[in-house]
Every structure is written in C-alpha cells, then in structure tokens.
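*Asks:* In case you want the letters, here they are:
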Amino acid sequence: MYFNSIDFAIFLPIVFSIYWFFKSQYKIQNLIIVIASYVFYGWWDWRFLLLIIFSSLVDYLVGLFLIKEENRVKRKLLLWISIIVNLGLLIFFKYYNFFLESFISAFAFFGNEINPTSLNIILPVGISFYTFQTLSYTIDIYKSKIEPTKDFIVFSAFVSFFPQLVAGPIERATNLLPQFYKRRIFNYNKAVDGLRQILWGLFKKIVIADNCAEYADWIFSNSTSASGSTLVFGVIFFTFQIYGDFSGYSDIAIGTSRLFGFNLMRNFAFPYFSRDIAEFWRRWHISLSTWFRDYMYIPMGGGKGGVVSRVRNTFIIFIVSGFWHGANWTFIAWGLLNAIYFLPLLLLNKNRRNMEVVALNKLFPTFNEVLKILFTFGLTVLAWVFFRAENITQAIEIIFTIFSKSLFSVPHFFNSGNVFTLISLIIIFLIIEWLGRNSEFAIANLGLKWNKVFRWLFYYSIIFVIFYFSGEKQEFIYFQF
Amino acid sequence: MKIFFYKIVIFFIPIAIIFSIIEYKLRIIPNNYSYKSSYLDRNAEKIEVLILGNSHSFYGLNPSYIEYSCFNAANVSQTINIDYFILKKYLTKFKSLKLVIIPISYSSLFSFIEEGKGQWRIKNYCIYYNYPSYDVKNHFEILNGKMNYHINRITNYHFQNKGDINCSKLGFGLDYKFKHKLNFEVTGKEAAIRHTKENINNTLIRSKQLLRRIFDDCSLRGIKVVLFTPPAHRDYRKWIDEEQFKLMDYECKSLVKESSNVYYYSYFESDKFEDIDFFDADHLNHRGARKLSVILNKLVIKKINNE
Numbered sequence: 001m002y003f004n005s006i007d008f009a010i011f012l013p014i015v016f017s018i019y020w021f022f023k024s025q026y027k028i029q030n031l032i033i034v035i036a037s038y039v040f041y042g043w044w045d046w047r048f049l050l051l052i053i054f055s056s057l058v059d060y061l062v063g064l065f066l067i068k069e070e071n072r073v074k075r076k077l078l079l080w081i082s083i084i085v086n087l088g089l090l091i092f093f094k095y096y097n098f099f100l101e102s103f104i105s106a107f108a109f110f111g112n113e114i115n116p117t118s119l120n121i122i123l124p125v126g127i128s129f130y131t132f133q134t135l136s137y138t139i140d141i142y143k144s145k146i147e148p149t150k151d152f153i154v155f156s157a158f159v160s161f162f163p164q165l166v167a168g169p170i171e172r173a174t175n176l177l178p179q180f181y182k183r184r185i186f187n188y189n190k191a192v193d194g195l196r197q198i199l200w201g202l203f204k205k206i207v208i209a210d211n212c213a214e215y216a217d218w219i220f221s222n223s224t225s226a227s228g229s230t231l232v233f234g235v236i237f238f239t240f241q242i243y244g245d246f247s248g249y250s251d252i253a254i255g256t257s258r259l260f261g262f263n264l265m266r267n268f269a270f271p272y273f274s275r276d277i278a279e280f281w282r283r284w285h286i287s288l289s290t291w292f293r294d295y296m297y298i299p300m301g302g303g304k305g306g307v308v309s310r311v312r313n314t315f316i317i318f319i320v321s322g323f324w325h326g327a328n329w330t331f332i333a334w335g336l337l338n339a340i341y342f343l344p345l346l347l348l349n350k351n352r353r354n355m356e357v358v359a360l361n362k363l364f365p366t367f368n369e370v371l372k373i374l375f376t377f378g379l380t381v382l383a384w385v386f387f388r389a390e391n392i393t394q395a396i397e398i399i400f401t402i403f404s405k406s407l408f409s410v411p412h413f414f415n416s417g418n419v420f421t422l423i424s425l426i427i428i429f430l431i432i433e434w435l436g437r438n439s440e441f442a443i444a445n446l447g448l449k450w451n452k453v454f455r456w457l458f459y460y461s462i463i464f465v466i467f468y469f470s471g472e473k474q475e476f477i478y479f480q481f
Numbered sequence: 482m483k484i485f486f487y488k489i490v491i492f493f494i495p496i497a498i499i500f501s502i503i504e505y506k507l508r509i510i511p512n513n514y515s516y517k518s519s520y521l522d523r524n525a526e527k528i529e530v531l532i533l534g535n536s537h538s539f540y541g542l543n544p545s546y547i548e549y550s551c552f553n554a555a556n557v558s559q560t561i562n563i564d565y566f567i568l569k570k571y572l573t574k575f576k577s578l579k580l581v582i583i584p585i586s587y588s589s590l591f592s593f594i595e596e597g598k599g600q601w602r603i604k605n606y607c608i609y610y611n612y613p614s615y616d617v618k619n620h621f622e623i624l625n626g627k628m629n630y631h632i633n634r635i636t637n638y639h640f641q642n643k644g645d646i647n648c649s650k651l652g653f654g655l656d657y658k659f660k661h662k663l664n665f666e667v668t669g670k671e672a673a674i675r676h677t678k679e680n681i682n683n684t685l686i687r688s689k690q691l692l693r694r695i696f697d698d699c700s701l702r703g704i705k706v707v708l709f710t711p712p713a714h715r716d717y718r719k720w721i722d723e724e725q726f727k728l729m730d731y732e733c734k735s736l737v738k739e740s741s742n743v744y745y746y747s748y749f750e751s752d753k754f755e756d757i758d759f760f761d762a763d764h765l766n767h768r769g770a771r772k773l774s775v776i777l778n779k780l781v782i783k784k785i786n787n788e
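Quick mapping for you: the protein sequence lines, in order, are chains A and B.
Per the numbering used here: the first sequence = residues 1 to 481.
Per the numbering used here: the second sequence = residues 482 to 788.
If you are wondering where the hints come from, they were derived from the structure by calculation, not from laboratory data.
Note that the structure is predicted; figures quoted are calculated from it, not measured.
The C-beta atom is built at its ideal place from N, Cα and C for all residues, glycine as well.
Check the hints yourself; a few may be wrong.
[Claimed, not checked] Derived lysine-lysine pairs resembling DSS-like cross-links, with alpha carbons at most 30 Å apart:
#1 B/Lys483 / A/Lys182
#2 A/Lys473 / B/Lys506
#3 B/Lys488 / A/Lys449
#4 A/Lys27 / B/Lys719
#5 B/Lys488 / A/Lys27
#6 A/Lys452 / B/Lys483
#7 A/Lys23 / B/Lys488
#8 B/Lys488 / A/Lys190
#9 B/Lys483 / A/Lys23
#10 B/Lys678 / A/Lys473
#11 A/Lys473 / B/Lys483
[What the hints assert, rightly or not] Footprint (simulated), chain A over chain B, 3 or more residues, beta carbon under 8 Å:
#12 492 to 499
#13 530 to 540
#14 610 to 624
With the hints as extra help, turn the sequences into a complete structure.
*Replies:* Shown next, in the form of structure tokens:
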C-alpha cells in the first residue's frame, strides 16, 4: 500500500479510529498496530508476510536466549545466527542475481563460459529497512544496551510498524521499543503536527518528486542523444526527485507515527543546504548513516587510529552503504565517489565544522556560505549521476557529455512551458524549505501564529497545489531498496 | 480527541464538496464509453456484427463498410478480459448477433488493461459499464488523471461545448487521419518496445482461458468469431520480438483448431497496406481502415452465409 494511494487514504482513518477507540489499553493498541501493519504490508503481496514473520520470530527468540546466556561463545553464536539469517535473506532476495551475473562476467573475462541458473526472485518491499532494524535489536541486546522484550506482539509491532516499515526511518530498538510499553495519550497538538508533516510530505512526493521524475526519466533514457545542458537539467531534476521522494516518504511516515502517539527519529534535515559533504551526510538519510556509524564504523575503529585505518574504514562504510541501496555497480561507484569527497575532510579534521544549521537566526546566508552550499550541491549532483544511471558506462558518458561544448546549448525541453512551471515550483519549494530550516520539517512552524482562517487557507492552497500540479504517479524510489 | 475529529471533519467538508462537484461535472461530459454503453443498452438487439478489441480495431474497422448491422465496441487499450466482460454483459440482449470480430495484436495475448500504462482507463468501464473492481480509484473520474486535465475537460465542455466523444455513431474512431500522421520510425520503435512483454506465460494462460470462454458462449448461441491480426508498418515490425510474435500466431492458429465457429486471419505483414494507409506505425488511418473493413466485410459475408 502506497502512502500516496487512495487505499491508504481509506486505511489510515479506519486504523486511526479503531486504535484510539482503545485509548487506555496499550496492549490492544499494539495488537491493532501489528494487524494493521500486516494488512499494509500484505497489500503488495501476502507472501512477503511469511518473510517478515519469520525474521521477527528468529530475532525475538535470539533476543530471549541472549539474555539468559552468559557464556561468551554461545552469546556470540546466537548473535551470528541472527546476523546470518537476516543478512542471508537480504543477500538471497536482493543480491543473488547480481553476484551470479558478476561471476558469469568474471569467468567470461578469463575465457570460461558458465551457465548457472538465475532465479526469478521478487524483491520483498522494504527488506533492507526492516532487516537493519531487527539487526540493531539483537546487536543492542548482545552489547547489553537494551533488555529483550518478552512480548512477541510488542516485538512484531516494533519490526512491522507500518508507517516506517518499507522505507524507514530505520528505527533503533532503544528509541522505538520502549514506546510500545507506554500508555499512549492522545495529544491534539502532536496529531495536528503529524497531519502537517504528512501534508508537506505529500507535497514533496506528488508535486516535486513525481514531476521531476517525468523529465529525469525521459532524459536518462535518452541520454545518448541529449546535449550537455539537457543532461545537467536531467541530473538536477533527479536530485530533487530523490530528495522529494525519499524525504517526502519520511515526512509522511513520521507524521503518521505522530497520529498514533509515536516519535520516530528524524531522517532528513535539509541536506541540500549543507556546506560540505560531511554535513550533507549528517543530514541525508540520517537513520541509515547513523546505523552504519554505530554498528560498523565505530566497531571498526571509526575515525581513530592511523591514516590507513581511517581511510580503509571510510571506504568500507561508503561502499557498503552504496551496495545497501541496490545490487548494481552504479551504487558502489556512488558510494566510492562519496568516500572520495569525504576523505579530505576527515583527514584534515574538518568533518565536524558545520554542525549548526546554515545561517542560524539569519534570513540570508553569507556569500561564502552560498558558495559552499553550491559547491556541495554540485558534488552531490555529480554523484547522483552514478546512482541514477543504468550502468557505469552510461554514467561516464553522461558526465563526459555534460562537460562538453553542448553544455552551452539550449536544453532540449525548453520549448515546453511545463518545465518552467516545474522550475518555479522547485524555487518555491526551496524558499519554503529555507525559511523552515530551523524546524524539524519545513512547515512545522510556518503559519502557527497566523489567524486560523489564513492558516487553513495556507493548508487548502497546499492541497490545491498537490492536486493541480500532481505529476504522473511514480513508485517511491527507496521501495526498491 | 473529539475536537480533533470535529475539526478534521470541518476541514475536509469544503474539499469533499469541491471534489463531488468536479466528479459530477466530469461524469456528465459525453465520452466514448458512456456513448457506447448507452448505444449497446438501446440497440443490442439489432446488432448483427460486433467489433471488440483495442485501438487497432477502434481506429481500424469502420462499421459503415460492413453490410450488416454492425457496431464497433472497441476502445483504446481494451484487452481481452474487457472484451469478454462486454460480450457477457449484453449476450442475452444480442438477439440478432451473428458474428464477433476480435483483433489479436502482437501484444493482445500478453497484456491486460490492469497491468499496463492504460490502467487508468479501467474507471471508464467501472463507471459507464458497471465493470466490477474492488479498487476504489476505479470508481471515480477525479481519482484518475491530473487535476489540470480534469479542469480542462470541464471547461471545454461547459464553456465550449466540447465533449470527449471522438467516434462515429457506429463507434469507429475518428481521430486518425492521414494528414495528422506521425513519424513511423519513432512510433514504430516506441510501440514495439512497449508491446514486447516479459513474463508472458501467466498472461497467455489467462488470455487463452478468456478467449475459450468467448468462443464457447458464442458457440452456444450460434455466433461466429473472427480473430484477426491487424496490419503493422515495417517500422513497427522490425522492432518486435520474433519469439513473442510466433507464439501469438501459433496460439491463435491452435485456438481456432479447437472450435468450429472460430476463424483466424493475419494481416500483420500484408502487402495490401502501404505507407499511405497508416496513421502511425501500428495504427491504420481512415483510408487504411476503409481498406481493412472492406476486406473483413467480404469475410463476414462469407462466414455468415457459411460459404
């Protein structure tokens, strides 16, 4: 079930009403969440449910055994069972064909032809997200950071919580699990805040991402005949598509959770206003970046140790992060490129310079800040070429074409009036994001002090824009991961 | 909590009212589906030859050239499951029906309207033909397509009296004229790629089941069925997948062998159709449609008269 579907528009109020009908009975509310989450997930394909139930059961049992076990070797063994089962499922469903094809290519390169059977595997939606979430649970128990839950319903609710099940934020057990044990009291302001965040998420997805997708898809699929200037616009449109798509999804997820009395972690913090790549990675897909930081980077030694280990750790993290996104060399190249961007900052100890939001308590940034933002934006745009391209060859061809004479030609689609409407919408979107960059999401505080009539008119106008300027409906990009 | 519910209801009332008005305004705009549905409601008893299928018969077969009482019930992207639904819906009313014509195009056996880009058209069958669907979206005009498109439709109809009917009284598509022809090379490649399907086995099984049901229902009532593969321009043919085409051809020939009331003719590579007969690489224009209709008319006469 997609957040931007009519199915969800019917599903949400029904679940919300039933859920709050049992407002003083959190155990029943947890059960409602599990049932609703399974309906939500099974809407794609009921067979996916078997996988998530199996994964939940394994980690639930591993958690219970871990707390009873004091023998270090046996504890480690239990942890490895969880890791192997979870990553095994992920590797099988997501990477089997990729490894197979890579082996075939490698053998062919050395003159040997092999014909193993490739499988027609359906990738279960969101498998990368809930796998990492359940892994964090067992690792945290192993490290004695949390106590395991004995309540299977609570654990199932934690794994399958529908707002964040298929595309995050990837929650930690330390944050989300305890919330299922608390009695939830309906909070009017929190619920309204959640609705505002859902509205803004829908705007980002339906207006910005889906409209940008139409141009980006066309340009990338015709990249061989497109000019440099057309490709620049194509990549920039993709840059806004992926941001609108993924951060829009996160906003809807976080907003929906608020309606049910839950607080999820922030996933995006206006990343395109970053002044360097390190800041960008603190603001982009925060739940994944911090997951890798806490469960891989720091255990490997992180930024400590000699230059060699710091360089090695950085490359490993970014490459694994790239590979997490998909079974394609393009994602690995994307991760590698980001590692190259990040390394100089790390080695010069400049990676933690820009911790505060840009131009804090000011309306406009300084000229120096503008240059830094544009430079960082340019680097991310370049990296997105690899992320979006079908293969490495296409990505390199696009970059070569961009840096050719045709960069100074008139972009192919400039004779279409619609592109100017889209550019205007992106500019308005950026202005609103800039004005709201001190808040959790762009319109969190916008209009709160206005007269009710104007405030409602503001919300109505966003709804109007969503319907009037909606793009061709596209799947959420991150669902494929 | 009560205040929250109360405010939500108040907030959404204006939106619901505006949506209802737009939905109502959209539904009263005459369109091919509402026209064809009401035509069949009124005239099903008189129809002797019924044309079903997708854009290839909608734009490719003109009932005016058929020497029987003929109606073209085809529509763009209409797949075999919809053909079966329409036939079944009016079967008891078709008192005079002697023959049904169904196009089997390159992709007909391997695609259904629910799966492709044309899935937004299902609402036309749900709203105007009462086609059953559990998907709420399929029961509302407003939930299919962009709002600016809806607004344009409403303003065109209410201020310029422009409806959405682009077919003749007998259901033949009027838009595809030679003077508006499209580039064959571009449309040929695009359409052939779009029509080449992966994972064809599941859809093939379902398509064959549906065709067999059509044949059986028609056979019980003494109605003959003519399957035909429409002509395609060489710029379309050169991009198709040979395997898919051969499978389609083979399946049609096999199906015909199973039923004595079914006939199959392929004009896919027919040299009777020249560049001047095409609107784009896989659709005939007016002139091509006349040619194909005349050819089929001769067949219809023969089959009805058991020659």
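*Asks:* Taking the hints in turn, state whether each one holds.
*Replies:* Verification of the hints:
1. B/Lys483 / A/Lys182: holds (22 Å)
2. A/Lys473 / B/Lys506: holds (23 Å)
3. B/Lys488 / A/Lys449: Judged against 30 Å, a Cα distance of about 18 Å means the pair holds.
4. A/Lys27 / B/Lys719: violated (63 Å)
5. B/Lys488 / A/Lys27: holds (28 Å)
6. A/Lys452 / B/Lys483: Measuring from Cα to Cα gives roughly 19 Å; hence the hint holds.
7. A/Lys23 / B/Lys488: With Cα atoms ~19 Å apart, A/Lys23 and B/Lys488 stay inside 30 Å; holds.
8. B/Lys488 / A/Lys190: holds (14 Å)
9. B/Lys483 / A/Lys23: Cα-Cα ~13 Å, so holds.
10. B/Lys678 / A/Lys473: Holds, at about 22 Å.
11. A/Lys473 / B/Lys483: violated (35 Å)
12. 492 to 499: Answer holds; 3 residues pass the 8 Å Cβ test.
13. 530 to 540: violated (count 0)
14. 610 to 624: Answer holds; 4 residues pass the 8 Å Cβ test.
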